[in-house]
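> Protein chains in written order, with my numbering: chain C, 1 to 419; chain Z, 1 to 296.
The hints are simulated quantities; they were obtained by calculation from the structure and are not laboratory data. Backbone N, C-alpha and C fix where the C-beta goes; we use that ideal spot for every residue, glycine too. Be careful, since some hints might not be right.
Pairwise CB distance ranges (calculated) [unchecked claim]:
id : chain 1 : residue 1 : chain 2 : residue 2 : range
1  : Z       : Arg9      : C       : Glu319    : 41 to 49 Å
2  : C       : Ile333    : Z       : Arg3      : 28 to 36 Å
3  : C       : Met336    : Z       : Asp26     : 34 to 42 Å
4  : Z       : Gln255    : C       : His322    : 30 to 38 Å
5  : Z       : Ala48     : C       : Glu314    : 55 to 63 Å
6  : C       : Ala402    : Z       : Pro239    : 30 to 38 Å
7  : C       : Arg277    : Z       : Glu96     : 31 to 39 Å
8  : Z       : His99     : C       : Arg277    : 18 to 26 Å
Which chain C residues stay away from chain Z? Per the calculated CB distances, all over 12 Å, these [unchecked claim]:
id : residue
9  : Arg58
10 : Ala59
11 : Ala253
12 : Asp272
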Amino acid sequence: VGFARESLLDELAGRVGCDPLDFRLRNAWQAGVVNCTGQHLDAEHHSVTIRETLQSARAALDRAEEWREAGATSRHRRGVGVASGHQSVGGGVWTGADTAAALVKLNLDGSVTVTVGVADVGQGTSTALRQIVADLLRLPADAVALSLQKETDVVPFHGGASASRQLFTSGNAVRLAAESMQRELLRIAAELLEADPADLELEAGAVRVRGTAITRPFRELALFATNKLGEQPIVREAFRAPVRMLDAQLQGAPFQSFDYVTQVAEVDVDLDTGEVRLHRLVTVEDVGTAINPMIVEGQIDGCVAQGVGFALFEQIHVEHGHVLNPFLFDYRIPRMEDLPCFESVILEYPDPRGPLGAKAAGEAAIVPAAAAIANAVHDALGVRMTRLPLSSERIWRAMQDANGLRPESAQPLLSVRDR
Amino acid sequence: MIREFALHRPTSVDDACTMLERGADDATVYAGGTELLLVLKLGLAHYAHLVDIKPLGLDRVAYDGTMRILHIGATATHRQVERSPAVRRHCPILAEVAHSIGNIRVRATGTVGGNLCFAEPHSDVGALVVLLDGRLHVAGAGRRRTVEAGAFLLDEFTNGLDAGEMLEGIDVPITPRCAMAYQKYGMLERPSVSAGCCVQVAEDRQTVEGARSVVGCVGPVPILVGDAAAILRDAPLDPRCFGDLAGEAGLAARQACEPMSDLHGSAEYKRQITEVLVARTVSTSLERAGELVRGA
């Protein structure tokens with residue numbers, strides 16, 4: 001859908017003689033919009049930032065256009081393309097509720113252990129969740145342990161690592177639990193110090209009486225609570241996302257939030273073979289607060305790699321119900337040499353409902369990649385590709401059709417003729 | 001899952017050949033294993049006896065200046081060829097292509113000899129050894145013979161070894177004043193089309209004495225494009241002619257190749273790529289030949 005929409009937008013922009021980025025900017029969503037499911041993306045609860053990603057991508061587009069002008073040859077054409085997209089955060093479409101729970105336990109040494117059901121298969125959620133807790137409890141990240149048991153008998157329900165939802169959903173559960181632990185720590189410290197909780201505040205690994213030098217480290221609070229009060233501080237919280245399932249008319253508000261992204265692609269097309277070389281792909285994405293910018297960048301790079309595969313290579317060949325390329329041997333995915341310079345510009349417009357303002361970063365940048373590349377191919381050749389992947393043979397055929405050449409006419413190659 | 005097999009460790013080439021002869025169809029040679037293990041794992045073939053020829057000391061890569069022959073032992077790895085100073089000096093194209101094969105793990109384990117024996121139609125090594133007019137030393141128990149590369153690669157996945165025979169090594173003749181180029185183009189894991197060209201400059205340094213042009217991957221075995229070679233023979237070594245020569249050679253290759261449509265692309269597209277790659281390799285070899293003459 002993203003590919004079709006962004007290709008059409010490009011075509012429309014061309015027909016009305018408008019710069020493709022300006023065209024998008026004029027028509028892009030803003031806060032207050034009501035989307036196709038009737039969800040009101042009001043400014044109080046949503047951060048709608050597609051325009052911000054477009055504005056920020058302008059510099060990349062300008063540079064791309066300079067690059068294009070600098071390098072056309074008789075055998076190669078350069079082109080630049082822009083495309084935008086958004087990715088819903090959360091997966092409340094089918095399950096009825098978008099929910100996750102978290103436990104936070106204060107250990108006797110003053111560290112905390114967080115238990116969540118998150119399946120971190122490399123996306124880095126576990127690190128980000130620890131950072132959220134560490135931030136709220138003013139602890140160094142290494143004083144926060146995450147119990148990552150994959151046993152559903154042990155961990156609370158988390159609904160699955162999908163739909164770009166773990167940081168948002170489990171993140172909010174962890175946030176709520178950490179806030180609950182804050183109150184718990186203040187309550188315990190109030191008992192220990194015989195003070196009013198309102199006079200207490202958290203500081204690095206301790207509770208302080210406001211305006212004084214009197215502090216009690218978490219370790220002391222943990223020992224006091226466990227040994228004297230007889231209850232080790234353990235809190236549990238669940239987060240239920242404020243979503244409304246789609247009704248029979250497909251109306252509702254099934255998603256908690258949306259990531260917004262714009263990409264600029266620079267391609268070099270070989271006129272003899274139709275091969276597309278991706279020179280550079282710039283991603284401008286609003287991820288809300290980037291809790292861990294390095295992870296965000298890694299997630300965007302991964303998205304771009306997958307987007308490039310989707311755009312240029314990946315294809316399952318089926319004949320009579322039989323998959324002809326069931327192995328990576330014949331199913332082409334991008335190799336390192338196929339991948340361009342990645343550049344990501346991370347925008348941080350805090351999401352009003354995200355944990356510490358965070359949204360997500362795991363999928364959005366896949367959405368526009370194919371369209372950005374196809375739009376760049378169109379810019380280079382004047383040929384509109386309407387099917388994916390943009391295999392070199394397809395592009396070569398499209399060039400043949402556009403030039404009115406019969407493929408078997410055995411004409412000398414451009415490369416030879418132009419020398 | 002690989003089915004059970006016995007691993008044999010022969011102590012000499014004759015010993016290995018005897019083992020192979022005894023095992024007949026149920027035995028095969030095991031060298032790098034990069035192709036064989038894949039085939040066994042996928043269940044496409046099964047051998048009860050694998051004869052491991054790695055301990056036989058057949059991994060020598062050396063240049064014989066008297067004979068003007070570059071010798072590559074059967075178990076020399078792609079990596080050895082890629083890194084060998086002798087190869088780099090006397091036949092740089094071999095090092096260049098070896099560097100482009102698979103990935104570093106495949107190159108460090110896979111052998112040039114094994115690659116040839118596997119006779120995979122999408123092999124770079126096969127096309128290159130045909131281009132270089134390599135001679136293959138074939139051993140049987142108590143007997144030896146030499147086969148031309150073109151006659152060794154009989155059909156896809158079919159080599160010219162008889163029962164009880166194994167490849168002992170490859171000799172690549174090194175001809176003076178030669179410039180070469182090799183290019184491949186791939187839609188999938190292995191190349192879909194490859195082309196190589198070798199141009200020998202005449203002693204007068206003004207013309208092309210002889211040339212060879214090879215096309216790989218589009219048919220069951222690499223083919224030499226005689227018409228392309230004929231176009232280049234006696235052509236002037238003048239950069240102004242290179243474009244036309246390359247174009248004509250490309251057209252000759254387009255007509256000579258007989259591609260089939262498959263996952264790599266349609267026959268029509270493969271013809272196009274064949275023409276492009278042959279034109280480009282001819283052009284690059286001619287340019288390199290020009291540099292050779294100017295540099296001398």
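> All hints are to be evaluated individually against the structure, with a verdict given for each.
Each hint, compared with the structure:
no. : hint                               : in the structure
1   : Z:Arg9 with C:Glu319: 41 to 49 Å   : holds (44 Å)
2   : C:Ile333 with Z:Arg3: 28 to 36 Å   : holds (30 Å)
3   : C:Met336 with Z:Asp26: 34 to 42 Å  : holds (41 Å)
4   : Z:Gln255 with C:His322: 30 to 38 Å : holds (34 Å)
5   : Z:Ala48 with C:Glu314: 55 to 63 Å  : violated (39 Å)
6   : C:Ala402 with Z:Pro239: 30 to 38 Å : holds (32 Å)
7   : C:Arg277 with Z:Glu96: 31 to 39 Å  : violated (20 Å)
8   : Z:His99 with C:Arg277: 18 to 26 Å  : holds (20 Å)
9   : Arg58                              : holds (35 Å)
10  : Ala59                              : holds (35 Å)
11  : Ala253                             : holds (44 Å)
12  : Asp272                             : violated (5 Å)
When held up to the earlier numbered hints, the structure conflicts with 5, 7, 12 and fits the remainder.
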